[in-house]
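Engineer: Residue numbers (our numbering), protein chains in the order written: chain A, 1 to 232; chain B, 1 to 81.
Watch out, some of these pointers could steer you wrong.
[Unchecked claim] Among chain A residues calculated to face chain B with C-beta under 8 Å, some are:
#1 Ala-61
#2 Gly-79
#3 Arg-159
[Unchecked claim] DSBU-like cross-link-like pairs, simulated, lysine-lysine; straight-line CA separation at most 35 Å:
#4 Lys-10/B / Lys-73/A
#5 Lys-40/B / Lys-10/B
#6 Lys-78/A / Lys-10/B
#7 Lys-22/B / Lys-10/B
#8 Lys-2/B / Lys-22/B
#9 Lys-40/B / Lys-73/A
#10 Lys-4/B / Lys-73/A
In short, the hints are calculated from the structure, not lab data.
Beta carbons are placed, not taken as given, at the ideal position from N, Cα and C, and that holds for glycine.
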Amino acid sequence: MKFGVIVFPGSNCDHDAYHVISKHVGQPVDFIWHRDTDLRSYDAVIIPGGFSYGDYLRAGALARFSPVMNSVKEFAAKGNLVLGICNGFQILCEAGLLPGALIRNRDLHFICDHIDVRVESTNTPFTHELKAGGVLRMPIAHADGNFVCDEGTLDELRREDRIVFRYCDRDGQATEAANPNGSRDNIAGICNRERNVMGLMPHPERACEDLLGSSDGRDVFRSLAGTLATAA
Amino acid sequence: MKAKVYVTLKPSVLDPQGKAIKHSIELLGYNGISDIRQGKYFEIAIAGQQTAEQAREETMRMAHDVLSNPIIEDFRVEIEE
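For reference, chain A alone in the conformation it holds in the complex (with noise of 0.2 Å):
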């Protein structure tokens, strides 16, 4: 089982995923720089946080053009996992491999905080261990987390249980005052329809050690294990 992390200029929580595979996972995890393009040795593939191309443009909006987008894209679409975490959700946005925007939060502050999200499904590679409507704390860093979408995209994934997170507050209620950036819907992570991508805002790879606050992050990279695990 290889993990791969990939590196755009500007990345800055490539390490810390890199440690969590490494230290948590137990397993092999290489840093791929954009420019490559060969992903056949990898299971799984992280889009880290940071600010790719320095978020010029839109956040993700250069990332996308990156030549490594295209190896992604392939990788995905033969059913292998891509988890893209705070700016690699964006970049899934911006590349098209998950449906809606991200766009400024809805009180203009870079957020850097901890919060609460419920998790919504767990019919996916990264959530099957999780529990269903359990409360995970994971802090989020960013400035442009409020998730957009049409009223059909919504529908859709709220019908094909692809939102797996919400914003919630400590009982698990996911309100309007819980929800941090002003995300439609209170949605903090989605899946594809496939379910094998998936991205969000908060950072489970940040909140893996008591030590930092929060070790609820760690199933989610224990499912993903889980899944490749049973594959193999």
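Model the placement of chain B on the given structure of chain A, informed by the hints.
Structural biologist: Frame of chain A; chain B shown alone:
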């Protein structure tokens, strides 16, 4: 030849930045404003020998594929000879 591209948020997409700008402008005493929407403007210098029509087509493609995100934004292209 120059191509000008205006990218604007679709009317259905909220614009928190435009709202904040409107608020600041109102603090200065401008009260007759009903809305402000922020957008992006690009000037593209075209060095090739293409006709205005070719330049327009090419710029439309650039605007659609790169300069705008069609999910949230509209764009308009002007060609200046």
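Engineer: Hint by hint, note whether the structure agrees.
Structural biologist: Hint check:
Taking 8 Å as the C-beta cut-off, the interface hint given for Ala-61/A holds, the closest approach to chain B being about 7 Å. Restraint check, Gly-79/A versus chain B: the minimum CB separation of about 25 Å is more than 8 Å; hint violated. For Arg-159/A, the suggested interface contact is broken, since its CB lies about 19 Å from the closest CB of chain B, more than 8 Å. For the hint pairing Lys-10/B with Lys-73/A, the CA-to-CA distance comes to about 27 Å; that is within 35 Å, so the pair holds.
The suggested pairing of Lys-40/B with Lys-10/B holds, with an alpha-carbon distance near 13 Å, which does not exceed 35 Å. Using a Cα cut-off of 35 Å, the hinted pair Lys-78/A and Lys-10/B holds, with the two alpha carbons roughly 34 Å apart. Between Lys-22/B and Lys-10/B the alpha-carbon distance is near 18 Å, which keeps this suggested pair within the 35 Å criterion. This hinted pair checks out: Lys-2/B and Lys-22/B have alpha carbons roughly 31 Å apart, not beyond 35 Å.
A distance of roughly 29 Å separates the Cα atoms of Lys-40/B and Lys-73/A; the hinted pair therefore holds under the 35 Å criterion. This hinted pair checks out: Lys-4/B and Lys-73/A have alpha carbons roughly 32 Å apart, not beyond 35 Å.
This entry does not satisfy hints 2 and 3, going by the numbered hints stated previously.
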